[in-house]
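> Listed here are the chains, written in short residue letters.
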Amino acid sequence: MKKVTIDPITRLEGHGKIEIFLNDEGDVANAYLQIPELRGFEKFCEGRPVEEMPRIVPRICGV
Amino acid sequence: MAKPKVALYWAAACGGCDVAVLDTNEKILDIANIADIVFWPIALDFKYHHVEAMEDKSIDLCLFNGAIRSSEQEKIAKLLRNKSKVMVAFGACACFGGIPALGNLTNRAEIFQRVYIEAPSNANADGTVPQTSTKVTEGELELPEFFDTVSTLAQVVDVEYFVPGCPPPVDIILKVVNAFATDQLPPVGSVIASDKTLCDECDRVKEQKKITKLYRPHEIIPDPKKCLLEQGVICCGPATRGGCGLRCIKANMPCRGCFGPPPKVADQGAALVSVIASIYQGNTEEEIARMVEEVVDPAGTFYRFALADSMLKRKRMPPTEGRL
Numbered sequence: 144m145k146k147v148t149i150d151p152i153t154r155l156e157g158h159g160k161i162e163i164f165l166n167d168e169g170d171v172a173n174a175y176l177q178i179p180e181l182r183g184f185e186k187f188c189e190g191r192p193v194e195e196m197p198r199i200v201p202r203i204c205g206v
Numbered sequence: 078m079a080k081p082k083v084a085l086y087w088a089a090a091c092g093g094c095d096v097a098v099l100d101t102n103e104k105i106l107d108i109a110n111i112a113d114i115v116f117w118p119i120a121l122d123f124k125y126h127h128v129e130a131m132e133d134k135s136i137d138l139c140l141f142n143g144a145i146r147s148s149e150q151e152k153i154a155k156l157l158r159n160k161s162k163v164m165v166a167f168g169a170c171a172c173f174g175g176i177p178a179l180g181n182l183t184n185r186a187e188i189f190q191r192v193y194i195e196a197p198s199n200a201n202a203d204g205t206v207p208q209t210s211t212k213v214t215e216g217e218l219e220l221p222e223f224f225d226t227v228s229t230l231a232q233v234v235d236v237e238y239f240v241p242g243c244p245p246p247v248d249i250i251l252k253v254v255n256a257f258a259t260d261q262l263p264p265v266g267s268v269i270a271s272d273k274t275l276c277d278e279c280d281r282v283k284e285q286k287k288i289t290k291l292y293r294p295h296e297i298i299p300d301p302k303k304c305l306l307e308q309g310v311i312c313c314g315p316a317t318r319g320g321c322g323l324r325c326i327k328a329n330m331p332c333r334g335c336f337g338p339p340p341k342v343a344d345q346g347a348a349l350v351s352v353i354a355s356i357y358q359g360n361t362e363e364e365i366a367r368m369v370e371e372v373v374d375p376a377g378t379f380y381r382f383a384l385a386d387s388m389l390k391r392k393r394m395p396p397t398e399g400r401l
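Residue numbers (this note's numbering), protein chains in the order written: chain P, 144 to 206; chain Y, 78 to 401.
Hints listed in this document are in silico derivations from the structure and should not be mistaken for laboratory results. Check each hint, because a few of them may be wrong.
In the DSS-like style, the derived pairs of lysine-lysine whose C-alpha atoms are separated by at most 25 Å in a straight line are [as the list claims (entries may be wrong)]:
hint: 1; chain 1: Y; residue 1: 82; chain 2: Y; residue 2: 104
hint: 2; chain 1: P; residue 1: 146; chain 2: Y; residue 2: 152
hint: 3; chain 1: Y; residue 1: 152; chain 2: Y; residue 2: 104
hint: 4; chain 1: P; residue 1: 145; chain 2: Y; residue 2: 124
hint: 5; chain 1: P; residue 1: 145; chain 2: Y; residue 2: 104
hint: 6; chain 1: P; residue 1: 146; chain 2: Y; residue 2: 212
hint: 7; chain 1: Y; residue 1: 82; chain 2: Y; residue 2: 124
hint: 8; chain 1: Y; residue 1: 302; chain 2: Y; residue 2: 341
hint: 9; chain 1: Y; residue 1: 124; chain 2: P; residue 2: 146
hint: 10; chain 1: Y; residue 1: 327; chain 2: Y; residue 2: 286
Short, incomplete list of chain P residues facing chain Y, as computed with Cβ under 7 Å [claimed, not checked]:
hint: 11; residue: 156
hint: 12; residue: 159
hint: 13; residue: 162
hint: 14; residue: 164
hint: 15; residue: 168
hint: 16; residue: 174
hint: 17; residue: 176
hint: 18; residue: 182
hint: 19; residue: 186
hint: 20; residue: 187
hint: 21; residue: 204
hint: 22; residue: 205
hint: 23; residue: 206
What the simulated footprint calls covered on chain P by chain Y, stretch by stretch (three residues with Cβ under 8 Å from a Cβ of chain Y suffice, anywhere in the stretch; the number is not a length) [to be verified]:
hint: 24; region: 144-150
hint: 25; region: 191-203
Cβ atoms here follow ideal geometry from the backbone N, Cα and C, with glycine treated the same way.
Based on the provided sequences and hints, a complete structural model is requested.
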């Protein structure tokens, strides 16, 4: 099955990739959006003082 | 004559460095006048295969922001390094690991467990976590490997210049652009910021550095004219490079070190521990024990932005088993 890859997705905040599978007729059989990005704020914010959160979590997205 | 080619990329980052470039406002037009931007995912529609097709060293300047957290980021760092004459670690994450490197206090297994299994907002009864390769009906899908440990850009590829800050301030960005445009870049290896510490540049009144208690923000309203450290508020200024324009200090907030260590300091956190230890006045075992307790989060405070770049690099713990 033919695969079309759009990597990276551009002009947005963050990282993304699209995989499109084409069938024998050249029509779209299926498409997948993948997010190849994770930093783990959910975990590494644990243990940090609550008053520091306003200066850590803005770095989730600076756009 | 063809214009010089410039590439901008983000790895493990938040996009704030890219926005800081746009914060140059109308000067962004000057940048566009003197250079062709050939790759910039946040703003322009170029793909990885466009970069792969370029000749080696055909990009004149690459401003690379973000830390190296995944195999994809490592791959693109190496790709852009091969294609670029001058590689700049742009911003705290690329220079020192930045906020994403707080992930070095944990590892992939713990992060995946929290993010994909335990987070209350999840609906993931099967306990699915990302895999580098997934079979689907139509074929195979691939994701980059999520590393256990975050690295700085210079730990992965050779870097010519370092532009610190979270994000780098506009005046420093313009300094870099002007130096590049006029062919007056400093010696390779330079950090493009101040050579003084933040303390040296801070205009708050400094009297005597002797403290008997550390305060958390809810316990004190600091005098905006006096040194924060002398008031018992942990400020990373003595072990942080200057050049930021005192953005936090002017907001009556202590420095958290986003410009990284000053010249000749190898480990910013160790330098900060040394500062606090030398000004803390305690004479008995009990007093010293209390003072140590008052530092609520030593690793996250002293190594807020530079854990990946430090001698410790990460918390010691067994690596996550398996590839993913």
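> Compare the structure with each hint and give your call.
Structure-based check of each hint:
The hinted pair formed by residue 82 (chain Y) and residue 104 (chain Y) meets the criterion: a straight-line CA distance of about 17 Å does not exceed 25 Å. Simply put, residue 146 (chain P) and residue 152 (chain Y) have alpha-carbon atoms about 22 Å apart, close enough for the 25 Å limit, and the pair holds. Our distance criterion of 25 Å between C-alpha atoms is broken by residue 152 (chain Y) and residue 104 (chain Y), whose separation comes to about 32 Å. As the CA atoms of residue 145 (chain P) and residue 124 (chain Y) are separated by approximately 19 Å, the hinted pair is consistent with the 25 Å bound.
Distance hint between residue 145 (chain P) and residue 104 (chain Y) is unfulfilled; the C-alpha atoms sit about 44 Å from each other, more than 25 Å. Between residue 146 (chain P) and residue 212 (chain Y) the alpha-carbon distance is near 14 Å, which keeps this suggested pair within the 25 Å criterion. Proximity of residue 82 (chain Y) to residue 124 (chain Y) is assessed by CA-CA distance (about 16 Å); at most 25 Å being required, the pair is judged to hold. Note on residue 302 (chain Y) and residue 341 (chain Y): the hinted pairing is violated, with a Cα-Cα distance of about 29 Å set against a maximum of 25 Å.
At roughly 16 Å between alpha-carbon atoms, residue 124 (chain Y) and residue 146 (chain P) fall within 25 Å of each other, so this suggested pair holds. Of the pairs offered as hints, the one joining residue 327 (chain Y) and residue 286 (chain Y) holds, with about 20 Å between alpha carbons and a cut-off of 25 Å not exceeded. Taken as an interface hint, residue 156 (chain P) checks out: its beta carbon lies about 5 Å from the nearest beta carbon of chain Y, inside 7 Å. The criterion of a C-beta within 7 Å of any C-beta in chain Y is not met by residue 159 (chain P), whose closest approach is roughly 10 Å, and the hint is violated.
For residue 162 (chain P), the suggested interface contact is upheld, since its CB lies about 6 Å from the closest CB of chain Y, less than 7 Å. The criterion of a C-beta within 7 Å of any C-beta in chain Y is met by residue 164 (chain P), whose closest approach is roughly 4 Å, and the hint holds. With its C-beta approaching chain Y no nearer than about 14 Å, residue 168 (chain P) sits outside the 7 Å limit, and its interface hint is violated. For residue 174 (chain P), the interface hint is violated, the least distance from its beta-carbon to any beta-carbon of chain Y being 9 Å, above 7 Å.
For residue 176 (chain P), the suggested interface contact is broken, since its CB lies about 10 Å from the closest CB of chain Y, more than 7 Å. The interface hint given for residue 182 (chain P) holds, since its Cβ lies 5 Å from the closest Cβ of chain Y, which is under the 7 Å cut-off. At its closest, the beta carbon of residue 186 (chain P) sits 4 Å from a beta carbon of chain Y; the interface hint therefore holds under the 7 Å criterion. Evaluation of the residue 187 (chain P) hint against chain Y yields a held restraint, the C-beta minimum of about 4 Å falling below 7 Å.
The interface hint given for residue 204 (chain P) holds, since its Cβ lies 5 Å from the closest Cβ of chain Y, which is under the 7 Å cut-off. Checking residue 205 (chain P) against chain Y by beta carbon gives a least distance of about 2 Å; that is within 7 Å, so the hint holds. With 7 Å as the threshold, the beta carbon of residue 206 (chain P) comes within range of chain Y, its nearest partner Cβ sitting at about 4 Å, so the hint holds. For a cut-off of 8 Å, the count of residues in the region 144-150 of chain P with a CB near a CB of chain Y stands at 4, and the three-residue condition holds.
Evaluation of the coverage hint for the region 191-203 of chain P: fulfilled, as 9 residues show C-beta separations to chain Y shorter than 8 Å, against a requirement of three.
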